[in-house]
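Undergrad: Given next are the chains, with one letter for each unit.
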Amino acid sequence: MERAPVRAPLIKNLGFKVGLLLALTAALALGFFVYVLYVRGVFQETQKLVLVAANAEGVSIGMPLTFSGFPIGRVSRIALTEEGEARIEIRVPVKDARWLRTTSVFTLERPFVGAARIRAFSTNLQDPPLPDGAERRLLVGDAAEAIPQLVERVRKILDNVEAMTAEDSSLNRSLAHVSTITGRMAGEYGVMEGVLGSPENARHVVEALKKAEALLASLNEASRKVDALLAKTDQRVYGPDGVMDQADRSLAQIGTLLEDVRASLKRADAVLTDAQAISGNVRVASDDLGQLRAEIDESVRKVNHLINELNRRWPFAREAEVKLP
Amino acid sequence: MLTRRGEAALAWLGAWGRAFRFAAGALAAAFTPALYNSATRTVVQKQIYFTAWQILATFTAFAAVLSLVIIQISVSTARDFGLSDYALEVVIRVLVLELLPLLTALFVALRSGAAINTEVALMNINNEIRALEAAGVDPMRFEFMPRVIGGTISVLALTALASLMALVLGYVTVYGLQGSSLPDFGRVMGKVFTIPILLGLWVKCLAFGVAVTVIPIVAGLDAPQKLFFAPIAVLRGMVRLFFVLMLIEVAALALTYI
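Just so you know, the sequences run in chain order A and B. So for the first sequence, this note's numbering puts the first residue at 1; every next one is plus one. So for the second sequence, this note's numbering puts the first residue at 1001; every next one is plus one.
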């Protein structure tokens, strides 16, 4: 016995709405299934590439093989070979296989952060294409493998630093010396104490310097005195009424006297000529002779006086000599 | 004391046993084409209409906002750490595989599960079920089985729509509004969705749908025939339902990642 349909007309287009929802859900589920098959490469024609590595750590199924940053294949299987090496099978869609050549190089990189990456490098795209099922070596570059070496080096550096900073290290000793020197520099005699090692030494130097200074002062004084002496001498000798002036005047007088003497002698000469010519008048002549002789005497006396004067005034020239004509 | 504890444990086990028996019976009925007729179809349609169609807009908007927030957080965090390559994968795994199915199940449980629980409890208290049986009408065929089918289909439909939207939002957030990155997107999808994962997701959603309807019905049927037991029956049913949903989720996670 069946119940009658329950008040169906209450909801408009009930069948249509529910049918739409059902159809949509079914289409989504089915479509998604087909899409997943498609993106997983089920409908794609692929070729196999086998990479052999010493270590497949970080490699997982579904991991991409990239070329120039673009995924061109996917890891489909990982297995261990009889030799204990990792055998990584990669499916490469046929349309992407043209990037792989017989000369291509494959690397596995494991960065510190993030998943490992398998990369392909083809330097020459003119080379013959990689055949299906080809087997190649996988070059492994592992950032984490460098860590132990890095740690070892850092440890050495730290050992050195420790040796340098130890209690009795040469660096510490040098620093202690520097500290001593700067301590001395801060003392009474400053840098000099630092350089010479003790305040006594520094004091000696300072005293020596002070003595040198006093010596210089007295030397200065002496040279000033010498200066004054020289100035005085200069004044005496070359100044007005100095020795030189007086000598000059005496010489002028000598010139005058000599003129007088010459004039007298000329007259005597004339008188002698007269005497020779006029031998008769001896009497007249003898009178004239007497006068002449008086004049000559006078002149000689004047010369004598002059010489005396010169001798007095010119003490340096002891051998004063006046040559009479 | 010990006896009481033991009795409680037995009662608890008995309730679970009845739930499983009922679920098995409902599923068996669902896969028996002879049991379908226009009346059953109408009840199924109405159940789907009330459970899925009525809340479609609200639920879609809610799921979209939640997805967008989670996508943004994941993508920007991944970018900060230089892991943008993995952002989309994380988003798909979190949203489509885990969060949206569970969220849909919770949403339907809160709205329709509670309603079914109350309805069945009241029918039980009012002796309607026995009356139907007396009248020769199989309550399983006309009352329970259509609800189980309708609820399950609703959960599946809502999950499918929310997931589709999350995928579209994820694509737009990561690649922008352009179609040229579809191969990249396809690669990530291919990486996340292996065939076992996809089938597991479907089974999980199916389990969510069945639990969301079966447990409230069993809880309603378990209620003693006193009116004041109705709220207690609903309470027990809902707690048990949430527990089962979590159990399914944890089991699915364990199967996927361990």
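Derived from the structure by calculation, the hints contain no laboratory data. Predicted model, so just to flag it, every value in this text is computed and none were measured. There could be a bad hint or two in this list.
Coverage of chain B stretches by chain A, computed from C-beta distances (three or more under 8 Å per stretch; other residues unrestricted) [what the hints assert, rightly or not]:
#1 1123–1129
#2 1143–1157
#3 1214–1227
The following label-pair restraints were derived from C-beta to C-beta distances [claimed, not checked]:
#4 B/Phe1020 x A/Ala26: 43 to 49 Å
#5 A/Gly31 x B/Val1203: 17 to 23 Å
#6 B/Thr1077 x A/Met164: 17 to 23 Å
Glycine included, each C-beta is placed from N, C-alpha and C at the ideal position.
Undergrad: It remains to establish, for every hint, whether it holds in the given structure.
TA: The hints, checked one at a time:
1. Three residues within the 8 Å Cβ limit are the bar, and the region 1123–1129 of chain B against chain A gives 0, so the coverage statement is violated.
2. Counting residues of the region 1143–1157 of chain B whose C-beta sits closer than 8 Å to any C-beta of chain A gives 3, which meets the bar of three, so the coverage hint holds.
3. Check result for the region 1214–1227 of chain B against chain A: violated, 0 residues qualifying (beta carbon to beta carbon below 8 Å, three or more required).
4. A C-beta distance of roughly 28 Å is found between B/Phe1020 and A/Ala26, which places it outside the suggested range of 43 to 49 Å.
5. Range check, A/Gly31 to B/Val1203: Cβ separation about 19 Å, and the 17 to 23 Å hint holds.
6. One distance hint, 17 to 23 Å for the beta-carbon pair B/Thr1077 and A/Met164, is violated here, with the actual separation near 44 Å.
The structure fails to meet hints 1, 3, 4, 6 from the earlier list, while all remaining hints are met.
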